[in-house]
Amino acid sequence: MISYFINTHGMDLQVAFPSLETLDIMHMENLKIIWHNQLAEDSFFKLQSLFVEYCENLVNIFEYNMLTRFQSLERLEVYYCGSLQEVFELQRHDVRESHAVTAIPLKRLILRCLPKMKQVWNKDPQGIFSFQNLQFINVCECESLKSLFPASVARCLMQLEHLRIYKCGVEEIVSREEIAEVAARFVFPRVTFLILSKLPKLKWFSRGVHTSEWPLLKQLGVLGCDQIEIFTSKILNFQETVEQSQLETSIQRPLFLVEGGTLFPNLEGLALGGNFKMKEIQRDQLLEECFYKLKEFSIVGYLAVFDWINFLKRLYSLEILHVTHNSWEEIFPYEELFDQEKNATILAQL
Numbered sequence: 002m003i004s005y006f007i008n009t010h011g012m013d014l015q016v017a018f019p020s021l022e023t024l025d026i027m028h029m030e031n032l033k034i035i036w037h038n039q040l041a042e043d044s045f046f047k048l049q050s051l052f053v054e055y056c057e058n059l060v061n062i063f064e065y066n067m068l069t070r071f072q073s074l075e076r077l078e079v080y081y082c083g084s085l086q087e088v089f090e091l092q093r094h095d096v097r098e099s100h101a102v103t104a105i106p107l108k109r110l111i112l113r114c115l116p117k118m119k120q121v122w123n124k125d126p127q128g129i130f131s132f133q134n135l136q137f138i139n140v141c142e143c144e145s146l147k148s149l150f151p152a153s154v155a156r157c158l159m160q161l162e163h164l165r166i167y168k169c170g171v172e173e174i175v176s177r178e179e180i181a182e183v184a185a186r187f188v189f190p191r192v193t194f195l196i197l198s199k200l201p202k203l204k205w206f207s208r209g210v211h212t213s214e215w216p217l218l219k220q221l222g223v224l225g226c227d228q229i230e231i232f233t234s235k236i237l238n239f240q241e242t243v244e245q246s247q248l249e250t251s252i253q254r255p256l257f258l259v260e261g262g263t264l265f266p267n268l269e270g271l272a273l274g275g276n277f278k279m280k281e282i283q284r285d286q287l288l289e290e291c292f293y294k295l296k297e298f299s300i301v302g303y304l305a306v307f308d309w310i311n312f313l314k315r316l317y318s319l320e321i322l323h324v325t326h327n328s329w330e331e332i333f334p335y336e337e338l339f340d341q342e343k344n345a346t347i348l349a350q351l
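Read left to right, the sequence shown gives residues 2 to 351 (my numbering).
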């Protein structure tokens, strides 16, 4: 039985793959650990891409004492590893021993079909590691995953451009240990593509009082997230909200809180469907301001009943409308589309 992919027994530690750039590990059913913790410091120093697939007994990808070695790693993909618990195992690292934060160069992270993975990071790496270079994240079919980002990781995603979470068990996107803090602020300055799809347990973006900002977001899809209100600009008095949050961290809040219509100033494409709690979108002036650049709107499957015709009337830049997998008997009431002179009153630009 193979326990280690890389074993140091009888090996010259000074030449442990110092020039290797790509490593693919596939169909190693008995593999439990990839890296031996006695590897030389320069081992895998130039490794840029790691691909792991069908390693049924693997429980993690990186242990706490190995991450500092991978100073060139930019791409990580993990598929179909049935026993994987986490990607980054940080539990045994003593934060007090760290004098400087190590920036991990990882840019692209793809995780798929990992049924037992509960966390990507098993603890918040704050003060130890930074994942500030992440640009592309795709997480699919990880039904045991409870949250995606620890708070410190979410706060440093200044380079992130693409985020997709599909068919996962996530209850929150960002987990926070310091819930009692004053309202947290999460800024994603470069994200242009965000898809949250088939997340039936999603209840929070992050527990506790928080705001999020998406200044460059162009494509947004929220599909099959039926436990959470998606958009709202209505919230309790700020101080009351903070006090209430300190007393009860389980209070549910909207996925996106709109303040002054500035949440999505560049949004061009929106896809919604299967969102049973969505009820505020059609009648809120601030939300209207968020969608003034919207060019493409897709309704996929069931959408909670709302006055969507009046909502469409406010989409002055809309050019493309998709309605699919829907049981509606009528999409456009005639009396809403035309005036008495039979001139189009809405959607004239389509």
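Where hints are given, some of them may not hold.
[As the list claims (entries may be wrong)] In silico DMTMM-like pairs for lysine to aspartate or glutamate, Cα to Cα no more than 25 angstroms straight-line:
#1 Lys294 - Glu330
#2 Lys47 - Glu75
#3 Lys202 - Glu290
[What the hints assert, rightly or not] Label-pair restraints from in silico Cβ distances:
#4 Ser84 - Lys168: 34 to 42 angstroms
#5 Asp43 - Thr325: 36 to 44 angstroms
#6 His326 - Asn38: 16 to 24 angstroms
#7 Trp329 - Gln72: 53 to 61 angstroms
#8 Gly270 - Asp25: 42 to 50 angstroms
Since the hints were made in silico from the structure, they are not lab data.
All C-beta atoms in this analysis are idealised placements derived from N, C-alpha and C, irrespective of residue type, glycine included.
Taking the hints in turn, this is what the structure says about them:
Taken as a hint, the Lys294 and Glu330 pair is broken in the structure, with Cα atoms around 29 angstroms apart against an allowance of 25 angstroms. A distance of roughly 10 angstroms separates the Cα atoms of Lys47 and Glu75; the hinted pair therefore holds under the 25 angstroms criterion. A C-alpha spacing of about 29 angstroms is found between Lys202 and Glu290, which places the hinted pair above 25 angstroms, so the restraint is violated. The given range of 34 to 42 angstroms is broken by Ser84 and Lys168, whose C-beta atoms sit roughly 19 angstroms from each other.
Distance hint check for Asp43 and Thr325: the Cβ-Cβ separation is about 54 angstroms, which falls outside the suggested range of 36 to 44 angstroms. Between His326 and Asn38 the Cβ separation comes to about 50 angstroms, which falls outside the hinted range of 16 to 24 angstroms. Evaluation of the 53 to 61 angstroms hint for Trp329 and Gln72 yields a pass: the beta carbon distance comes to about 55 angstroms. The supplied range of 42 to 50 angstroms is broken by Gly270 and Asp25, whose beta-carbon atoms lie about 34 angstroms from each other.
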